[in-house]
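Please build the complete structure, drawing on both the sequences and the hints.
Chains as they are written, first to last, in this note's numbering: chain A, 1 to 488; chain B, 1 to 546.
To be clear, the hints were calculated from the coordinates, so they are not data collected in a lab.
Derived list of chain A stretches under chain B, where covered just means 3 residues or more per stretch with a C-beta under 8 Å from a C-beta of chain B: (1) 223 to 237; (2) 247 to 260; (3) 294 to 307; (4) 343 to 357; (5) 364 to 378; (6) 403 to 410.
For each residue, glycine too, the CB sits at the ideal point set by N, CA and C.
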Amino acid sequence: MNLQAHEAKLLKKLEDGVERTVTELSDELVMDQAAVVRASLTLNKEGLAETKEIEGFVTNITAEGRNALDSGLPETHLVNELLDKGKAIKDITTKNVGVVLGVAKNKGYVTVSGGMLEATEKGKESLGKKEKELCILEDIKNNKTVDRKDLDVLKSRKLAEYSFRIVRKIKATKKGIDFAKKTDTKQEVSKLTPTMIKSGKWRDVVLRKYNVNAPVAKVYPGKRHFVAQAIESVRKIWLEMGFKEMTGPMIQTSFWNFDALFVPQDHPAREMQDTFFLDLTAKKINNGFVNSIKKAHEKGTDNSLGWQYKWSEEMARKSVLRTHTTVLSARTLSQIKKGELPAKYFAIGRCFRNESLDWKHLFEFNQVEGIVVDENANFRHLLGYLKEFFGKLGFERARFRPAYFPYTEMSLEIEVYDNRRKGWIELGGAGIFRPEVVVPLLGKDVPVLAWGPGFDRIIMDYYKIRDIRDLYKNDVKQLRDMKQWMLG
Amino acid sequence: MPTVTLDKKTVLNLIGKKVSDEVLKDRIAMIGTDLEKLDKKEITVEVFPNRPDMLSEEGFARALSSFMGIKTGLKKYTIKKENSKVTVKNLPKEWPYAVCAIVRGLKFDDKKIVSIMQLQEKLGVTYLRKRKKGGIGLYPLDKITLPITFTSLLKDKIKFRPLEGKSIIPADKILETHPKGKEYGHIIQELKKYPVFLDGEGTIMSMPPIINSHDVGKITEKTKDVFIEATGTDLNTLKVAINIMLATLDDMGGTIYSLEMDYGTKKFEYPDFTPRKIKIDKKYTEKLLGINLSDNDIKKLLAKMGIGYENGCALVPAYRADILHPMDIVEDIAIAYGYENFEEVIPAVATIAGESQKTIIERKTAEVMTGFGALECKSYHITDEMNLCEKMNTEKRKLIKPENPSNVEYDTLRDNLVSGLMKILSENTHHEYPQNLFEIGDVVVFDKNSETSTNENMHLAFVSAGIDSDFSKIKAVLESTLKSLDIKCTIKEATHPSFIEGRSAEIKLSGKTIGYLGEIHPKVLNNWNLEVPVSVFEIDLSGFVD
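See the structure below:
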């Protein structure tokens, strides 16, 4: 049984088996009455003490009562004054003679005749006896039990007042007395201080027990944004699979974002409404790939027909906010040296789509990009890498549907099965880069497996976010309370 | 990508076999179209731009039927000779080409007219790039006289009643007032002469690619025979476009008749449905797909895609727009094989993984900041100029902006991170203080020397808001951060319009300012409706990334 300090103190007091009122205990233990009551409730509950509630009086001796105790009742004064001879009423010096006279007459101590007062024999005899009122007053003063009738007498004489009240009387039970005998009486302290530790005083005290269920003040950890956490884990997966990270700017020329990826210059994606074009000084594209890219578009490479139109270098100059991280793959392909194959790269980056903001649409999104440049790579490898990646992210089932992108052939759409919502989530595209992309950049036709699914949907599902704008709402409370990204 | 709504009954009839909705759903997805809706009456699909031939009931069913193994193989189209010609002359160089044909014996009804108009419209929008590459026109043959001429006339010489128009009006009025004129007029507006079709009697049949004449160019349920043309900028594109139309009209029950296209120096009979021959490199195909294929397998798989096979060559139908390279045939073989039937494998290829230097610095920095108990925030790269300048009390400066943002309040690329964090503080005043926030991210600045005249630098910003926040505290965090990241900087007093005077400084690295710190000026706090002191620092980390 664990008793708090107050409880133990109270029980110790009650060890003698004497019944005490709360008031008495409060005085003796120097504790608030409320604290005594609280402690007694616990002791009762544990069967260590009993509390009786009885209806009692609270009495209070008035100023007149105290005078009477000090120097006798007024009627005694009056009889004294009349002891030698009678007096006229107007000559009486006893205070409040009108009231006193009434009492003295009732008691038969004085007589009145023709304005003259005289003490009776009974009055004179009373001087040798103790008046009953005084006895009662003394009882009150000594905390003795007093009859209610007697109290009424005093009250009518304004010698005392009283009121009703519940009085709690507490007494230890047998079990309580036994327990108290065993209870340690060491001093209890709440805080362990360096001094105690150093001096060894901790041995002489009891460290107060805490209520472990009591609520505590909140503290918040510093932590990474949940989108950053998700990116970290996606990155980790590609690293585990042997991929090297690519990075690069968000602002790109159309040349790298579109032309190098065989997106024809009249493709709808290159129109204003979908893509953020930037108001920047356009520089002549001067990078050694212009001619081969131009040829790929106009006439094709190898056995390709190309798009058969006049390619404009000027149009390729226009800067854009990258529409996909595939631009980084294109740039990487242009830098790979011959001896570096096979090579595997990945990138995770913010991309842009000129979209009106609402709960379903955002103008910035995260894409995870990957390429495998390998003479022996094939379509089944592509599916294998993707399946493995999504498996590591916790999606056991992935499926692939034919799709279309200007820069891949085969092209496919990746879908993963969401067990929680019982449905397929469409995540984006993948494929094998077309020779029209690879030959100009790499110098020869090597299979390049490529993918660029989004994963914002996965983040939203994980955190049960309905409104896509909440990804970057930065609500401090929400960020403080959010769980960590636990998928790998 | 174009979405078309197709009549389900017509499609099922054309497929030639009863199929359940489940099978239909699966096959539609696995041939490479995105099913949007399938109900009792309609099929709504998104057709990828490489398959414009699937934009009509006939084309869609043709592809699906062979994919499902019902009507497989290269479909034969018989073309008869009309013995008439179309003269093509005096055209502006911006709109030089036309190909034409006649289709007889059609039985149009409401549905078929809607279907053919939808195909014409969708081809115009997608494959012909909103008619910038070309336009397609159909005419009831009984309203016109052969032979036909495609030429151009000065705009004031052109007058006719446009389709569904009330009266005969001149060309410029058509461009101004007719819905199609308004939509597509810009394509020919700048030309001196506008392209026109004239019939044997010199009647204006149409003004491509804008609009037909209402009098001689309107198809009705009574129309049995049609003259059809495609005009535009690139002959090959036009051939494919008109072939898609013709194959559909043929599938509707019409018979195709060819015409001589007379370009003066060059003459040729059109249409020509001879399939394109593409040599199949079996080894290349097998290697790329990772499967073994017999000659017969290839033949069968190609047949499922409506492609013929003969002597090691694929015979590609004349209406297929997407076959640019033998690779495209490999894709058709893969689709016919079924993407779901490929077994996934991970090859044993050893490569060395590696994180970028940028990522390493970002992560190490974040580790230190979270160690201080700070909360990482992530904002958009595109923000509002007012947040970057005015609210921070900094000078107006030239910033990088998208030309056409859809959201007016997001129209500028950020050049600092602190303003974004201030915005976040201003949106979180109802939450418990102190609030210590940081962000690591890229900001965009001008740089004459780069390819795009811009540069992107990774910054770190930290803000501390709360009654105890002041310069000394932020300086302590900064110094500790720099020390942890092994960056040796000096701090030099400097005034900054965002900060209280005498409580701000610059962060210097070998004489170059790479950041600043300070206690935000109450005026700036007022701008953000903040009621607690805020101290901040921001530092450019890009110099530490290789």
